[in-house]
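Asks: With chain A fixed as given, assemble chain B onto it according to the hints.
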Amino acid sequence: MSQVSETTVEREIDTSHMQVSETEVAIDVVNMHKWYGDFHVLRDINLRVMTGERIVIAGPSGSGKSTLIRCINRLEEHQEGQIIVNGTELTADLKRIDEVRREVGMVFQHFNLFPHLTILQNLTLAPIWVRGIPKAEAEATAMHYLERVKIPEQANKYPGQLSGGQQQRVAIARSLCMQPKIMLFDEPTSALDPEMVKEVLEVMISLAEDGMTMICVTHEMGFARQVANRVIFMDQGQIIEENEPEAFFSNPQHERTKLFLSQILH
Amino acid sequence: MTNIAYVRSDFSEARAAPRSTTGVGAWLHKNLFATSTDAVLTLLGALFLLWVLPPLVNFLFIHAVGINGTVEECRLETSGACWAYVWSEMEFFIYGFYDIPEVWRPNIVFALGALLLVPLLIPRVPFKRANALLLLIAFPVISYYLLAGGAFGLKPMPTEKWGGLLVTLIISAVGIIVSFPLGIILALGRQSKMPVIKVLCIAFIELIRAVPLITILFMASIMLPLFMPQGTTVDKLLRALVGVTLFSAAYVAEIVRGGLQAIPRGQYEAAASLGLSYWKQMYFIILPQALKHVIPGIVNNAIALFKDTSLVYIVGMKDLLEAVKTKNDTALEWQSANTPTTGYIFAAMVFWSFCFSMSRYSMYMERRLNTGYKR
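Keeping their order, the protein sequence lines are chains A and B. Count the first sequence with the numbering used here and you get residues -8 to 257, in order. Count the second sequence with the numbering used here and you get residues 571 to 945, in order.
With the rest of the complex left out, here is chain A:
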């Protein structure tokens, strides 16, 4: 079992902007299958995410959670079924893939900052070279988001000079600089010291408060309770159970979910 914790950020969540659209579909995954060679990693995934939803995907290691969100911006290829992001279906067509990636931000477990560039360069590279935004404007946006993740003073340092928590906040800011419509988080706090988990969760919560559409693969059940409007439980490449957080934690239906929760919650 990978690292599971229940860090809670002790503050009131401002829900005024957290509205889930009734009509606007952000991501639609339909009968999706994926294989690694002969191994059937994802089986018949159906997932519709409305704009403004905050979804937490939980499940044991190897259940396919990361693979699923990596399919959504096509870091992984699916073999059957459909994935439609913001109305664009993902196929082998590179143009469509780039179109989707421009609108979908992703945060990785190991941050994956570019070590040879300063923090500011990390943040402005894609806006300048993908969106064609002038450098000065991109830098202003970058500073805005660095302030938002509370580390503007680090702008001219290199990633190697920052702590893990700071690096992850930079990584979030880097994604936000592209002004994405959807954010994917792939175990963003799993590689962090417990002290640093909180500062990253705080940034994620404030993002949710702004109404960002988010899918988070995480073991932070406290975060799921506080922020998610839906929790999805996966095992062996399938979605086994999904529910609102309150019901999911207090009254799990599936045996596998019960077992999982009994192991991680005390």
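Hints listed in this document are in silico derivations from the structure and should not be mistaken for laboratory results. Hints may be right or wrong, so weigh each one.
[Stated by the list, open to error] When the alpha-carbon atoms are kept at most 27 Å apart in a straight line, the in silico DSSO-like pairs for lysine-lysine are as follows:
id: 1; chain 1: A; residue 1: Lys126; chain 2: B; residue 2: Lys850
id: 2; chain 1: A; residue 1: Lys148; chain 2: B; residue 2: Lys862
id: 3; chain 1: A; residue 1: Lys86; chain 2: B; residue 2: Lys763
[Claimed, not checked] Footprint (simulated), chain B over chain A, 3 or more residues, beta carbon under 8 Å:
id: 4; stretch: 90 to 101
id: 5; stretch: 115 to 129
Think of the CB as a built atom: it goes at the ideal place given N, C-alpha and C, for glycine as much as any other residue.
Replies: Okay, now just chain B, sitting in the frame of chain A:
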């Protein structure tokens, strides 16, 4: 019950280091005589130097005939190196058969090259982009017209007449510079998902790497004309240039591939997830990191290539070494016991100073580029 709680109320002062960690004595002890084995090795090393250095210094300097000396002095049995010979044949060593009244042309090329290269190598000097463009695009064109002539009222100077250090520098500079981007493209091609490109790149790299440079030069100079339509000739120097460049490109490709493999997959994924296209991912994210890792390998290749240029003698070009050898064999007026040795020592010194500079510069560059990884 005693109270075991302890709180330090003041910090102790920093004291000077003990005598045994500083000073000459400490250095000697630590580096030369730390153990009895070290002491024995140190003594052996000192004896070796005593054995080697005095005769060497005698030969090169004390008993040597200076640049103003005469051949008679060189022929004395007690004489050392015959620098007068090197000095009197210097023009041939540098320019080959280039017409002496015209050597101002290669001189301008040398000066211009140094003038453009030095500021490019010093990080503080501004206008790097303009500087690089001048060096890589304008300079070769200007150099070509200056050296070859035949335009702007300059006397035509066929490449058969070029020689010496001039040819060594041209072949190695062109080889090193052109093979670099070629090698990168081959390395990327070898990793490509497109099978045709991948197979072509692998075939090229493996074919060239499996064949000695001499063979490639032979093929270029002897076999290539057989395949060409009758009457067409490709310049000898150009053939050597192409051969050397392609040869080096295959090696650079493998060096760069090593660097690409050192880049974690997360870097590709992060770059891709931001929407960067393949070429932008490579240009901004992957290659800067990969190339930094392989600076030692690239420079190693450059040094090897610089020295391998001597092989162009087999296609009839007179590079520095071949020019020295030619004079050693044919300059009867300078014949003496030490003349050939002095010539070869001179060639060795020139090669050594170029290669050593490259090596030192690459070490400097490595340290400089390391900033991003320091904590």
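Asks: Tell me if chain B covers the stretch 115 to 129 of chain A under the three-residue, 8 Å CB rule, please?
Replies: Result for this restraint: holds, n = 4.
Asks: Please check whether the stretch 90 to 101 of chain A has three or more residues whose CB lies within less than 8 Å of a CB on chain B.
Replies: holds (count 7)
Asks: Between the alpha carbons of A/Lys148 and B/Lys862, is the straight-line distance 27 Å or under?
Replies: Within the cut-off at roughly 19 Å; holds.
Asks: When you check the alpha-carbon spacing of A/Lys86 and B/Lys763, does it fall within 27 Å?
Replies: At roughly 17 Å apart (the allowed maximum being 27 Å), B/Lys763 and A/Lys86 satisfy the hint.
Asks: Is the straight-line distance between the alpha-carbon of A/Lys126 and that of B/Lys850 27 Å or less?
Replies: Holds, at roughly 17 Å.
When the structure is compared with the earlier hints, no violation turns up for any of them.
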